[in-house]
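Trainee: Residue 256 in the working numbering sits at position 253 of the sequence shown, with consecutive numbering throughout.
What the hints contain is simulated information worked out from the structure, not anything from laboratory work.
Don't take every hint at face value.
As the list claims (entries may be wrong) - Pairs of lysine to aspartate or glutamate residues, derived as EDC-like cross-links and limited to a Cα-Cα distance of at most 16 angstroms, are as follows:
no. : residue 1 : residue 2
1   : LYS101    : GLU22
2   : LYS101    : ASP18
3   : LYS322    : ASP143
Stated by the list, open to error - For each label pair, taking beta carbons as the anchor points, the in silico distance ranges come out as:
no. : residue 1 : residue 2 : range
4   : LEU348    : ASN247    : 43 to 53 angstroms
5   : THR31     : HIS460    : 24 to 34 angstroms
6   : VAL452    : LEU348    : 41 to 51 angstroms
7   : THR127    : VAL452    : 13 to 23 angstroms
8   : GLY232    : LEU119    : 37 to 47 angstroms
9   : PHE427    : GLU22     : 50 to 60 angstroms
10  : ARG23     : VAL344    : 40 to 50 angstroms
Ideal Cβ positions, reconstructed from N, Cα and C, are used throughout, including at glycine.
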Amino acid sequence: MEATENDKTKRSAADRTFERMTTASVATLVLRLGVPTVLSMLVTALYNTVSTFYVSYLGTSAVGAMGVAFALQMVIQALGIMVGQGCASQTSRLLGAKECAKAHETASSALFTALLLGVLFSVTSLFTLASLLSVMGATDTILPYAVAYAKPVLYAAPFMAAAFTLNNILRSEGMAFVGMIGLGIGGILNMAVAPFFIFTLDLGISGAGWATALSQTVSFSILLSYFAGGWGSIRLSPLLVSKNLRTYGTLFRLGTPSLSRNILGAVAASVLNLMAGVYGDAAVAGMSIVGRVMMVTSAAMIGIGQGYQPVLGYNWGAKRFDRVLKAVDATLAMSTALMTVLGLLGFVFAEEVVAFFRTEDPAVVQIGVEALLLQCLVAPIVPVSVVSNMTYQVLGRAGIATFLACLRQGIFFLPLILILPRFFGLTGIETAQPLAELLSFVVCIGFVVRFRREAAHLAADAGAKFHARTTKARE
Numbered sequence: 004m005e006a007t008e009n010d011k012t013k014r015s016a017a018d019r020t021f022e023r024m025t026t027a028s029v030a031t032l033v034l035r036l037g038v039p040t041v042l043s044m045l046v047t048a049l050y051n052t053v054s055t056f057y058v059s060y061l062g063t064s065a066v067g068a069m070g071v072a073f074a075l076q077m078v079i080q081a082l083g084i085m086v087g088q089g090c091a092s093q094t095s096r097l098l099g100a101k102e103c104a105k106a107h108e109t110a111s112s113a114l115f116t117a118l119l120l121g122v123l124f125s126v127t128s129l130f131t132l133a134s135l136l137s138v139m140g141a142t143d144t145i146l147p148y149a150v151a152y153a154k155p156v157l158y159a160a161p162f163m164a165a166a167f168t169l170n171n172i173l174r175s176e177g178m179a180f181v182g183m184i185g186l187g188i189g190g191i192l193n194m195a196v197a198p199f200f201i202f203t204l205d206l207g208i209s210g211a212g213w214a215t216a217l218s219q220t221v222s223f224s225i226l227l228s229y230f231a232g233g234w235g236s237i238r239l240s241p242l243l244v245s246k247n248l249r250t251y252g253t254l255f256r257l258g259t260p261s262l263s264r265n266i267l268g269a270v271a272a273s274v275l276n277l278m279a280g281v282y283g284d285a286a287v288a289g290m291s292i293v294g295r296v297m298m299v300t301s302a303a304m305i306g307i308g309q310g311y312q313p314v315l316g317y318n319w320g321a322k323r324f325d326r327v328l329k330a331v332d333a334t335l336a337m338s339t340a341l342m343t344v345l346g347l348l349g350f351v352f353a354e355e356v357v358a359f360f361r362t363e364d365p366a367v368v369q370i371g372v373e374a375l376l377l378q379c380l381v382a383p384i385v386p387v388s389v390v391s392n393m394t395y396q397v398l399g400r401a402g403i404a405t406f407l408a409c410l411r412q413g414i415f416f417l418p419l420i421l422i423l424p425r426f427f428g429l430t431g432i433e434t435a436q437p438l439a440e441l442l443s444f445v446v447c448i449g450f451v452v453r454f455r456r457e458a459a460h461l462a463a464d465a466g467a468k469f470h471a472r473t474t475k476a477r478e
């Protein structure tokens, strides 16, 4: 009897979510799901930025170490997001089509996969840590700091990866607010305990690593407790983990665009550190500061885009193509307006933003300000690249989505960062990312137009069929 009542409750929750996702105002839904995601990502980005602020008291080499070791964190996040996005792109469409049992199985398998990948990455990286960080751009003076920070972060890698997977699953069922709570509490905890670990316990930069490890473990525990309590539309259980290899093949295939985007981000950060290292620790530190600042800016835009994804998936699964079209237009409008405002603020207050990190090295400030000004100039065009990639990923069109995901940090940025410094020196390093954003925009705008035409055609066809059925019923 208890199991039956529980099933009824879950069906009721799933039905309520379905009705909300397919009937409520599209713009309101995107904001309702996007704002919590924006806040959770901003907190995540903010605690990384605040950690860099605390570590800045330890010197230029320590700040550079944060930039180098952050590439490792990006890989961990990439694994969790890959599995989470591969799962979420299916579960939102499955819930929209009311195939709940399959959604439960997919989500349970995704959590198991994320934990396993986190363990494998942690063990492998710990055995090769010094060499790995050197490849990622650590100079001889930066390396000891980078190793000290990275070790505790790697201990928590399974929980970090799984937390990002659970957050994506929550968004797919329209529960972004819960994800915000879980990641937000972890981020606030990080900011609170980092100075205690770094200064009071005199752990130095390793204290920042332990603070990050603790916060990620707490976030994972909070997110998992939501599913353990049976409060959502999706149920997670070890008994539901699939034994069919096709399930995992689909997770990886649909998660490949996210993995490509995030892994290329880590590779790009490493190559940037290597190229900047030619000009000394000040260049590495300056570009590291700008990277953290732009991560905060991008978090706001990506958060809105991730609020858009479940709205798109639900309505595509429910064949509400008119709402699909509205979702694309509303998301592009809101994210472009947001990035324009943030880009303008960053441009006007570039020196104050870089000075926040209290670096005593004037070379770091100069490099940071120059790079930040250039990136703020192209901020308004970034949403087109992100939304186009997210759209094709949610629809399960992995090939196109992977291509679009590789544009910014891979196809365009990597050649630019390798070529431009040979001709323009440090200025080439500062301009590589803005130019990559511009070229990516030129390509992605065509795919956005193509998808809008497809959605408009499907909406018109669905409208015609509905009109025909209505007319026939009246006759």
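Trainee: Looking at the structure, which of the earlier hints fail to hold?
Mentor: 3, 6, 7, 8 and 10
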